[in-house]
Amino acid sequence: MKNVRLWRSASSQSPATDRAPIMTIRILLVDDHPIVRQGLKTLLEAHPGWEVIGEAADGLEAVDKADRLHPDVMVLDVTMPKMNGLEACRQIRQKAPGLEILFVTQHDSPQMMREALEAGARGYVVKSNAARDLLEAVEAVSQHRVFTALNRRDSVNSY
Amino acid sequence: MKLRILLADDHEIVRRGLCALLQNHEGWEVCGEATDGREAVEKAKQLRPDVVILDVGMPNLNGLDATRQLMQYDPNFKVIVLTITDSDQVIREALDAGARGFVLKSDAARDLVSAVEALQRKRMFFTPRVNDLVLAGFLDKGHAISRSEPPSLPTLTAREREITQLLAEGKSSKEVASLLNLSTKTVETHRSNIMRKLSFHSIRDLVVYAIKNNIIQIDVPPQLKTPAGSPAV
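For the record, the sequence lines run as chains L and B. Heads up: the first sequence runs through residues 1 to 159, numbered per this note's numbering. Heads up: the second sequence runs through residues 1 to 233, numbered per this note's numbering.
A portion of the hints provided could be inaccurate.
[Unchecked claim] Chain L is faced by these chain B residues, among others (derived, beta-carbon under 10 Å): (1) H11; (2) A20; (3) E42; (4) S106; (5) F200.
[As the list claims (entries may be wrong)] Once the Cα atoms are required to be at most 35 Å apart in a straight line, the calculated DSBU-like pairs of lysine-lysine come out as: (6) K45(B) - K171(B); (7) K174(B) - K45(B); (8) K171(B) - K197(B); (9) K41(L) - K122(B); (10) K65(L) - K95(L); (11) K41(L) - K2(B); (12) K41(L) - K65(L); (13) K2(B) - K122(B); (14) K82(L) - K43(B); (15) K185(B) - K41(L); (16) K197(B) - K174(B); (17) K174(B) - K122(B); (18) K43(B) - K41(L); (19) K95(L) - K82(L); (20) K171(B) - K122(B).
[Stated by the list, open to error] Cβ-Cβ distance ranges computed for the label pairs, FRET-style: (21) E188(B) - V146(L): 44 to 50 Å; (22) E118(L) - T186(B): 21 to 27 Å; (23) E26(B) - P81(L): 21 to 27 Å.
Because the hints were derived from the structure by calculation, they are not lab data. Built from N, CA and C at the ideal position, the CB exists for glycine as well.
Full structure from sequences and hints, please.
And the structure:
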């Protein structure tokens, strides 16, 4: 089930948004630290219509779960045991080109960001800014738009 | 009455995860959050929490120096140190600083609740590796720990360590002065003393020293353009 459109209830805050569609997004969350996954999950599931359908703790598990669960968006860490996120991204993009991948990493580096996009990711967010950038980034990549935000230059390119 | 916990980590996403974990426990509440060691020390003095959880690698003031400051202010503070590494040196520094709990960040989902429970019962909580090291040190009168010590350098004062961290993070003397409510001249005097004590001639030397001594921590990216997986950091 991908991007099923629902409608906001009449109790929505603003009349303008009463009939605004809520996009359901099924998310696979990949990070080797359970506490980081918990934090990301709390943030993502607070958004109406978004659901974390699975979690993985390394790149190998990510490739396997992407294959089995068919998420719409994968939130992926770079540095992980067994297989790093970049390699997982390359493999997943070959198998499931429609799945959009968003990196959430501690590496605030243009070089790493370039590598991530070359591997096939659609988005790149620095972990220290995840609470600020994550929701916007997931929304953008779910609509197949690029979202990158580095901390050091504070640049946000969404197109 | 609820057990009140102060939580300090510079990553909001980690604080959210830790909060969710701790708030799920009946009878506990997170009474405050801080994003660096300096804010943690201020909030601990102000809020008087039952337990303080401090990340080691925080900007402005790291978790180990924040622990030292808190214990100096009031030795009754109960501090749990959260760290990404359980190297001998970090363990030794955490114990020396007065931490009563030591939890690896990667194991926090499993160990943090046990650690807080231990402190609640007026006990201590350490990872098996810390216990092994302490036991080895006890049996071998400290040699097991001291063997892995880096070459000894003159000891810096608490203030000098604070200033070392801020300079190593790239702050200017003026910025350091503003953060610490000191005059720029005083900071420059401290800076000269630090460089003289350590026989350093450049900020680069100071940055390397700060990394080696866990005053600041750096992220190590996986090697780029490699087809195979990288080791965990």
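A quick look at each hint next to the structure:
no. : hint                          : verdict
1   : H11                           : 6 Å, holds
2   : A20                           : 5 Å, holds
3   : E42                           : 21 Å, violated
4   : S106                          : 6 Å, holds
5   : F200                          : 26 Å, violated
6   : K45(B) - K171(B)              : 26 Å, holds
7   : K174(B) - K45(B)              : 27 Å, holds
8   : K171(B) - K197(B)             : 20 Å, holds
9   : K41(L) - K122(B)              : 33 Å, holds
10  : K65(L) - K95(L)               : 12 Å, holds
11  : K41(L) - K2(B)                : 26 Å, holds
12  : K41(L) - K65(L)               : 17 Å, holds
13  : K2(B) - K122(B)               : 16 Å, holds
14  : K82(L) - K43(B)               : 40 Å, violated
15  : K185(B) - K41(L)              : 48 Å, violated
16  : K197(B) - K174(B)             : 22 Å, holds
17  : K174(B) - K122(B)             : 43 Å, violated
18  : K43(B) - K41(L)               : 27 Å, holds
19  : K95(L) - K82(L)               : 19 Å, holds
20  : K171(B) - K122(B)             : 40 Å, violated
21  : E188(B) - V146(L): 44 to 50 Å : 46 Å, holds
22  : E118(L) - T186(B): 21 to 27 Å : 49 Å, violated
23  : E26(B) - P81(L): 21 to 27 Å   : 34 Å, violated
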